[in-house]
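Colleague: Next come the chains, spelled out residue by residue.
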Amino acid sequence: GENVEQHPSTLSVQEGDSAVIKCTYSDSASNYFPWYKQELGKRPQLIIDIRSNVGEKKDQRIAVTLNKTAKHFSLHITETQPEDSAVYFCAASKEGTYKYIFGTGTRLKVLA
Amino acid sequence: AAGVIQSPRHLIKEKRETATLKCYPIPRHDTVYWYQQGPGQDPQFLISFYEKMQSDKGSIPDRFSAQQFSDYHSELNMSSLELGDSALYFCASSYNRNTEAFFGQGTRLTVV
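Residue numbers (this note's numbering), protein chains in the order written: chain A, 1 to 112; chain B, 1001 to 1112.
It is worth saying that the hints were derived from the structure and are not from the lab. Please note: incorrect hints may appear among the correct ones.
[Said to hold, decoys possible] Heads up, simulated DSS-like pairs for lysine-lysine below, C-alpha to C-alpha not over 25 Å straight-line:
{"#": "1", "chain 1": "A", "residue 1": "K42", "chain 2": "B", "residue 2": "K1013"}
{"#": "2", "chain 1": "A", "residue 1": "K109", "chain 2": "A", "residue 2": "K68"}
{"#": "3", "chain 1": "A", "residue 1": "K42", "chain 2": "B", "residue 2": "K1022"}
{"#": "4", "chain 1": "A", "residue 1": "K94", "chain 2": "B", "residue 2": "K1013"}
Please read these numbers as outputs of a predicted model, since none were measured by experiment.
Isolated chain A (complex conformation) (with noise of 0.2 Å):
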C-alpha cells in the first residue's frame, strides 16, 4: 500500500545551521509533496510544497527538492532559528484521490 518513510525522527542543529528533512515514498503515481509543521498541540501548518513536474522550490529560508526516480523529496531549512522547532511533517497523494499519506515526522529542536 501507499507509505511514507521519514527521517530522521529527531534531529537537532545549532541556531544558523541548516537542517534537512529527507522522505520516501512507495507509490510512484504521487504527485503532489506538500510539507507541514506542527508546534505542540496545535495544528499542521502548510510550509511548502511541490508538484511532480517541478524538481525544486524555494520559499526564503526554505526549500523542498524532489527526485522522482528516486521517489525521494527532502526539506531543507537554512539559518535555522529557535522557532523553527517544531514536528515536521512530509506528505504524498496522488491524482485520483482524496487523502495526503504523512510521514512518520521530525521533531526539530535548534539551539540557541
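For chain A, the structure is supplied; the task is to place chain B on it using the hints.
Modeller: Just chain B, lined up with the frame of chain A:
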C-alpha cells in the same frame, strides 16, 4: 480569513459512549478530510469527502462513520468508544484534491 472550524475543542467521554465531532470547512472548499493523531504519532487518514460524497477511506474503524451535509459541514460519529480512541482529531479542507489542505485546530478526545 476564515479557517477550518472544529467543535468541540475538547471532549471527555466514557468507554462505550458515543461522540460527534463537527467540522466547518473554509467557504468554497469542496473537499473535507478527517485525520486521527495519537500522542507523538503522525496524522492517520480516516476518511474524505468531495462534494458531499465519500471519496477515500483510510483506517477508520467500523464503529466510526462520517458524512458531509448540504452546507458542506462534516460530522464524524464515533460509537462504542474505547480508551484507544483518545487522540487529536483533525479536520482539513481543500479546494479540490492535490492542493493545499488547511487543518482545523482539532478536537482533543479523551476516553476514560
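Colleague: Give a verdict on every hint.
Modeller: Now the hints, each set against the structure:
1. K42(A) - K1013(B): Given pair K42(A), K1013(B) holds - Cα atoms ~21 Å apart, limit 25 Å.
2. K109(A) - K68(A): Since the Cα atoms of K109(A) and K68(A) sit roughly 29 Å apart, the hinted pair is violated (cutoff 25 Å).
3. K42(A) - K1022(B): The given pair, whose Cα atoms are some 17 Å apart, holds under the 25 Å limit.
4. K94(A) - K1013(B): 36 Å, violated
Consistency with the previously given hints fails for numbers 2 and 4, ordered from lowest to highest.
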